[in-house]
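Given chain A, put chains B, C and D in place with the hints provided.
Chains as they are written, first to last, in the working numbering: chain A, 4 to 221; chain B, 10 to 590; chain C, 15 to 327; chain D, 109 to 208.
Some clues are possibly wrong.
Said to hold, decoys possible - Straight-line Cα separation of at most 30 Å, DSS-like style, residue types lysine-lysine; simulated pairs: (1) B:K439 <-> B:K371; (2) A:K182 <-> D:K118; (3) B:K365 <-> C:K62; (4) D:K174 <-> B:K217; (5) A:K186 <-> D:K118.
Stated by the list, open to error - If the Cβ cut is set under 7 Å, some of the chain A residues that face chain D in the computed set are: (6) V51; (7) I54; (8) L201; (9) I211.
To be verified - Covered stretches of chain B, as calculated for chain A (at least 3 residues, CB under 8 Å): (10) 134-145; (11) 205-211; (12) 229-240; (13) 425-437.
Because the hints were derived from the structure by calculation, they are not lab data.
Ideal Cβ positions, reconstructed from N, Cα and C, are used throughout, including at glycine.
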Amino acid sequence: MSKPSALEEKLDHLQHHFIDSDQQFEASKMGMWVFLVTEILFFGGLFVAYIAYRAWYPDLYLLASTELDTFWGAVNTAVLIGSSLTVAMAIRSAQLNQIKGLIINLYITIGLACVFMVIKYFEYAHKFEKGILPGSYYSYEGIAHEKANIFFSIYYMMTGLHGVHVLVGIGLMIWLVIKAKKKVFHSGYYTPVEITGLYWHLVDIIWIFLFPLLYLID
Amino acid sequence: MATNEATTSIKKLQVKRFKPDENPEKHYLNEETGIWAWMTTVDHKKIGLMYLASITFFFFIGGMLALLIRTELLTPAQSFIDADVYNQVFTLHGAIMIFFFLIPSVPAVLGNFVLPLQLGAKDVAFPRLNLASYYIYVIGALFTIFAIFTGGVDTGWTFYTPYSATTTGNVMAMTFGVFVLGFSSILTGLNFIVTIHKMRSPGLTWNKLPLNLWGLYATSLIQILATPVLAITLLLLTMERALGIGIFDPNLGGDPVLYQHFFWFYSHPAVYIMIVPGFGIISEVISTFSRKVIFGYWAIALSSLAIAFIGFLVWGHHMFTAGQSSLANMVFSFLTFLVGIPTGIKIFNWLATMYKGSIDLKTPMLYAMVFLFLFTIGGFTGIMLGALSVDVHLHDTYYVVAHFHYVMMGGMVMAFLAGLHYWWPKMFGKMYSEFWGRISCGIIFVGFNMTFLPQFVMGAQGMPRRYFNYIDQFQPFHQFSTVGAYVMGIGFFIMAGYLFHSLRKGKRSGSNPWGSRALEWQTSSPVPLHNFEHTPVIINGPYDYHKPMSEFQLGIATSHNGHDHHGGDHTDVSKTEKEQA
Amino acid sequence: MNRFSEFMLPPQKSTLAEGTDALFHFINITSVILLIGITIAIVYFSWKYRRRSDNDVTPVITHNSKLEITWSVIPLILVMIVFGWGLNGHVNLNTAPDDAYEIRVVAKSWLWEFHYETGFVSVNELHVPANRPVKLVMSSDDVIHSFYIPDFRIKNDVLPNRYSSVWFEAMEPGESIIFCTEYCGMAHSNMMATTFVHTQEDFETWLITAGSADDNMDPVELGEQLVTRNACTTCHSADGTELQGPSYLGIFGSERVMESGETVTVDENYIRESILEPNAKIVEGYQPVMPSYAGSLNDRQIDAIIEYIKTLE
Amino acid sequence: MSGHHISSAKFLWGVAISLFMLTFITVAVTWVAIPEPWNVVVAIAIAVVKAIIVSAFFMNLYWDTKFHSMLFVLSIVFFLLFIGITLLDTLYRTDPIPSF
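Isolated chain A, as found in the complex:
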């Protein structure tokens, strides 16, 4: 292990069972990667359901996806990619000891995540009005396919679970802002920023797949 590269020897963050900051940083990062593996398989289950039903009823997916608005889906994709960029910028700021930049970038990320959720809210509300409700509450008659309810069950489960992850991300980001304001982070210690960033990028990646699979069926 190399010597801690921190400019000043601030070691408040170092827990007793680690040898040095680098070991702690590497361990946390690996822990996050292992966690991301579990996240991928967690969503993987839903993708399996999606693929199995799509293989059974390709026409159902064609019909039902016309109810989803490609424009707003694309906007949301762009919003999430933008927020990934700002998270990456936030990490860069932390690495360069620019705490102000870190906080600003986190604020922008939170803002973009909220925009995503608001758009999602309007999409959901629009469907609810039509009677496209999840599960047995489904009452929309506009799709001539007997399994239409299942497509929307999968849609709601996938986007809903993704939405929950976005909310968790917003919570984590707010926590980071509070910590950053207390001057906890510096170029020698920004582990929470880094691993929250990893989480956020994964949420972005999952949406990158959800978008074409749900909205872009033609």
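Relative to chain A, chains B, C and D alone:
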């Protein structure tokens, strides 16, 4: 051969021999006592013991439920509980034994206690996460208990749709409890993987890693790769009940066989979550009590990983008669047989380790022998069930029940007991009664075979599982089986007795009662608060019994990282340094 | 060998049983030989190499490639034999001959219905001809069940959303038991039926007479037979015993409180409704689990059951 | 130290812009009628490229230890095994049809 190289570089680093304190005054059990200190501890050893207490509780409950089932089955018709209660009882027996006992048993209890010790680390990589995973386990358990008292669950531990989507009772609380529990398992696996990667002592390379850790590593990989799928499956099932999403419920257009794929994608690898860490323990115990280098170190280590991997591809053998396509049946049957090979290799390796050893049949070794015998039977009957045409006849009969009890109880529980007896002195610094240990091992062995051997016969004769009533011709087998269950119960009762006695009045064990070369035995018993008073340095493999003990006790004096809040350590260091190599 | 076979397995009553049993015995014998070998090794090593002193020196044997390859390859060959053999048997189990006689099976919680080509429906009694392949095309009305005849070595799950099938060829006239082997709720273990194997001629006569046999029977007697034949007695006793459903004893003319809170007098109309639409009115304390008999009982038969219940006071 | 790679702001912007472009392309190809299986293939291929860009340059896998990339790939492999083997059942079921 590496010794010479190593010793030269060791001199530069000022490596000394640290003999463990045989009679430590301060250790993890008497520093920081009191309920609150235990509840908030982040010490992996105490968390391990908290898990031990919890799983013992659930093993007791699950065992009592088993006796209830066996007693009811004494007669073909209803004897003292009705069908509804019976169905709830076997559901709970299965769910509790699998989710609350077997899955956390070795990783969360013995793994938590031993893993950092075998690595020479002070703790796991994320101690707070470790404590959190314990509390998540407790929360999951509370949900399940809540489900029992608010309507019960009668679906069987497999929660097959559409029955689970339509039956009355509180299935939602139960599945949610198991869902929560899954996260405990995931976090433990995550913690172990990172710990093994990042917290190894100097010199502890991958080819010197104890086989127990290879087993735990393979287990952790399965935990992180499979458990999330259980989580999503149960979430979908909960949603099925709450909202009627219809993915698995045929009444709403779904496919129940798809549910079975989801469920077994987790639950078959879960069998390996239960058994693979058992393999690790058996390797440790057999090598220690044969005082001999393990035969085929890499074969055992890699076969654990191979089992973990192939174990993911065989889930469909639970579904040969479920209406799965013939193509899938063929592929799953083929892969199932492949998983038998690495398992067989392990058995032969353990036997070869005993060959020309110096075998001491102490209680842990006795359990290891029992494991070898019972697990082999479990394995062979598994081959039987993997054979497509025979499985059609045997599927969902008592043959399957007997088979998985031979694997889970004859394999896993025996391995757990071997490990518990093996590491007991390390945990508490006390010895148990060797005499009663052997007696109860014998009683459990006899009782176990009495219980489950007849079940093979009645299963092959056609007795279906999960039957409350049965036709008269099976009664003699059921009665024999019930008697066996009580014999086994007596065995466990004796075990509880002598283990409690050892806690209160046991003889001091000394740091290394078995003469093992493994790292966890090179510190005092009970273990100091931070495991080692020095940083261990490893130059030999953990099974190199041909090398002197002194080469296994090397280390560098600890330089604590500045702000250690446990003041005691600094003063104690000088005490342990009194003897040098 | 025969004795062992009788002890371990039910009698072979279908043409497929022999092949399955041969593989069963092959695996059993191979396993027992290997198990004895392993056990002898364990016991022998434990005794021969027991610890003699605390300073025992053990040899350093880390691996032996020849040995390891042997004990990997031999089991591999054995399991591949088992795989091929099992697959072969499975293919036979799954390919019904084209000329097989077809019977529709409908599983309901907790009874088996067998529909014949004549339109006749028997409950919990499967009648088949001997020495002729029979194919069962199965489906379920509610949850998953599984159709299992141990004597024939056949089993397959019965699904609510698809058809599944099994086939067999019974070898001689006789009776064999049918189990449900997929857990399906409270009376899962009572969901049993019997296979009656007739000679070809007997079967044909049975098929013709079965539908009309009831015509000139006394209604009460017919009703008593019908409640047994249609598996009503699985859940409703005639002697006051509490099962999954209310007992028939003294039920007629009594007043019962429903789950909805209303009170209903048990009369002809209520019994008729309960047979055809069982879940319309549920007596307090019971579950809505009874399957509908609409389509499988005609008016005369329902009347007969009502007459029978009236006699149980 | 592999774990502390610092990307320049310009580079991060470049990555984001390429992602925006790919998003536009994936929407744009739906305006062109591509025959049946290929429209899905193109959509997934673009999504995979985007995911690789995000993981390599935003999540720093490109500069990180190989083990993290391995974990990422491992999870995808197991997902593919899950769906691949499940499809062996769901796509190849042949249900009997009752004749009466």
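Could you tell me which of the numbered hints above are not met by this structure, giving the numbers in increasing order? Hint 13 is the one this structure does not satisfy, whereas the remaining hints hold.
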